[in-house]
Amino acid sequence: MKNLLSGNEAAARGAYEAGVKFCSAYPGTPSTEIFENLVQYKDSLYCEWAPNEKVAVESAYGASIAGASSLAAMKHVGMNVAADPMFTAAYMGTGGAMVIVTADDPSMHSSQNEQDNRNYARAAKIPMVEPSDSQECKDFMIEAFRISARFGVPVIFRTTTRVCHSKSLVQFGERMESSVAEYHRNASKFVCTPANAHRNHPILEKKLSEIEQYSNASELNREEIYSTKVGIVTSSIAYEYSREVFGEDASYLKIGLSFPLPMEKIRSFASKVDRVIVIEELEPFIEDQMKAAGIKCEGKNMIGNLYELNPELVSERVLGRKASFVTSDVTAVGRPPALCPGCPHRGFFYVLSKKSDYVICGDIGCYTLGSAPPLGAMDSCVCMGGGLSVAHGMAKVFEMTAQTGKKVFGVVGDSTFFHSGMTGAVEILYNKSSVIPCILDNRITGMTGHQDNPGTGFDLEGNPSPMIDIAKVLQAYGYENVIEVDPQDLKAMSKAVDDALSSKVPAAIICKRPCLLIKRIKHEKGMCIVNAGKCRTCRSCLKVGCPAIAIVDGKAKIDSSLCTGCTVCAQVCPFGAIEKEASR
Amino acid sequence: MNDTKSIILAGVGGQGAILVSKVLTRGLVDAGYDVKMSEVHGMAQRGGSVSTQVRFGTKVWSPIVGRGGADIMVAFEKMEAIRYCEFLRPDGIAVINDYEILPMTVACGAAVYPDGTIEDMKKHFRTVVIDAASIASSLGSIRCMNIVLFGAMVKSLSLDSIDWTAVLKETLAPKILDMNLLAFKAGLEASCDK
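Protein chains in written order, with the working numbering: chain Y, 183 to 766; chain Z, 73 to 266.
One thing to keep in mind: the hints can contain errors.
To be verified - In silico EDC-like pairs for lysine to aspartate or glutamate, Cα to Cα no more than 20 Å straight-line: (1) 478/Y - 405/Y; (2) 504/Y - 158/Z; (3) 195/Z - 511/Y; (4) 131/Z - 511/Y.
To be verified - To give an idea of the chain Y side of the interface with chain Z (calculated C-beta under 7 Å), a few residues: (5) 425; (6) 488; (7) 493; (8) 507; (9) 644; (10) 645; (11) 647.
Said to hold, decoys possible - Partial chain Y-side listing against chain Z, Cβ under 10 Å, derived: (12) 184; (13) 188; (14) 212; (15) 345; (16) 510; (17) 523; (18) 725.
If you're looking for bench data, these hints aren't it; they were derived computationally from the structure.
Computed from a predicted model, the values in this text were never measured in an experiment.
We put the CB at the ideal spot given by N, CA and C, even for glycine.
All chains should be built: construct the whole structure from the sequences, respecting the hints.
Written out as structure tokens, the structure reads:
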């Protein structure tokens, strides 16, 4: 019996079957479902959400030093956060086997860039596997643990959105239990003093050259010979696209262990065909190394390094075959995502959108949508946790250049605060800028699909956990005036902003209201209706940017199937035309 | 040799396209096909435009097709038909829900919802237009609109030899099953009428 699984579900299954003991991750699209699925095996393994990716890798590495096999997972930009321990872990090597997942996002379906993390494998000198469908996600995960155990190095498991979120059939196997050797201190291996690092670097180089030999022999890198005219070297999802387009009119070298590359196998493959084409998404990772090794090939000159590929694009760019399709004569209006009806972030951004001298530095999460019209209340959004520190830098420049009218707000969410916003809050105090830190605490990690975090009171396995109080953290830093406010009460929200701006002591705002989509909380039900007699079509209610309100037949109308009764629109109506019905 | 069929489901986040793809792939796997399906999560779920692709056959390679690659499109909202129709083969079939969901840009007056979407689709493609909202509402809830469209798609793809009733029973919660079985049947029949 085969199961139709996403790549992420299959990767979780693979880690379980490989006998993994300790697992730590921070959620991030497209990687999140790995741990959401891993938790079903909690009787056999331990898994957790870490506050950020660096902590996840450090914890997983600690587990490895203690002798257990371990897994850490993150999206591609999360690996930037985790890079510090990862690079050094490669030098020191592992105790128990260790696998680090990076889920890349070509085309940026849910990301701020489309960096190709295969380059991390090369930069950090860590071997890497790249599955191309769900069966391989399961099998390669097991193989990654084997490689790690055999060579004593961490292994990167690299996927992309299309591999993570595509479903295909998977054959299950049994779990292989791994043992944990008794721990004994080994300081020359695991303490990264310069002297030890000096000794460890050549050891790593030796391991890499052994792994390259392994890569040349491994079935993860497999030849499929059909034609002597064209040979395609490819990996990950690009293999599936290539097979779709070329069928049996080309031969393939399917690369599954893509660092260190099996250069001898590639050279031998290249000698069997007249023309070698490298088909890979994003950067010329394989192609550049082949060229450096003196193997004649082409690829990026035709394919480019932007965005996701698909069979149509491969066919057009390599074979010059234009697809036949029809575009409509009617133009579809864009349908960008918006804050949900009843979203607690709406009140905060509505209040801040009213003043043109407010500078608002946002962050990664649902609240990035506060940048969208009609709210349009955001000046910048860079990375997880950056909202507060970017605000600090801007505020300092405004102070230095006497642009005193500008009031700077740094915005992070609850999960983002714990991720890496806390250090920004320290920066603002320590280096004395006038930024007002605003923590939009909706009691959940929202955008990635509702994961618990250190502020929610629950862990990944669903057990109660200490609920870390953001107000107390800020007070302990030295924010003497921490204002907690319900952002849905617009008067209170405005007052909180005014109070913070006029505060003589360091002030911070915590907007506290749970996301309406949290299932374990009982939310107050209700809906708002428009009294058409009172509506004068002034359009004030449209400025809150709620998907439930539109002007229909010249009057504001609220879609009863969408409205949650949050009353933000009612509070902004100057004519009292919107009323709340108690319940329905 | 390549007998792979490709389906694209297009709609607005929250309309139940994911559930339809679950039912569909379950039935196809049970019927012995190789199946691949691709969906994109993340920001698209917040009221944005969403699309899911399902491919099935003897051996499926790519989980997605590009422009001009799908045999059939099911549009859960009529403007989404326009947005995704370039993925359809020129001789493909479009199953379109005659239903409108206003994007934020239209609701707040910054853009106008286009006229003539269905007429334009009819001009270019073989189309099956379904008033799934009325059918679903008459069966008890507009929420089963997705299964009405699923029924129409099954008919258009000639997949009605699969025992979909059994698949729906395995896939759906008991309390919504009866309504959805009726919705499926109504979709099959509505498709025949055209």
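Now for the hints, and whether the structure bears them out:
1. 478/Y - 405/Y: With Cα atoms ~18 Å apart, residue 478/Y and residue 405/Y stay inside 20 Å; holds.
2. 504/Y - 158/Z: Roughly 13 Å between the alpha carbons, so the hint for residue 504/Y and residue 158/Z holds.
3. 195/Z - 511/Y: 10 Å, holds
4. 131/Z - 511/Y: Violated, at about 36 Å.
5. 425: It holds, given that the least Cβ distance between residue 425/Y and chain Z is near 4 Å, below 7 Å.
6. 488: 15 Å, violated
7. 493: Hint on residue 493/Y: holds, closest Cβ of chain Z at ~5 Å, below 7 Å.
8. 507: Hint on residue 507/Y: holds, closest Cβ of chain Z at ~3 Å, below 7 Å.
9. 644: 21 Å, violated
10. 645: 26 Å, violated
11. 647: Given a least distance of 26 Å, the restraint on residue 647/Y is violated.
12. 184: 8 Å, holds
13. 188: Where the cut-off is 10 Å and the nearest Cβ of chain Z is about 9 Å from residue 188/Y, the hint holds.
14. 212: 7 Å, holds
15. 345: Because about 9 Å separates residue 345/Y from the closest Cβ in chain Z, which is inside the 10 Å limit, the hint holds.
16. 510: OK, holds: residue 510/Y within 10 Å of chain Z, min 4 Å.
17. 523: 9 Å, holds
18. 725: Given a least distance of 8 Å, the restraint on residue 725/Y holds.
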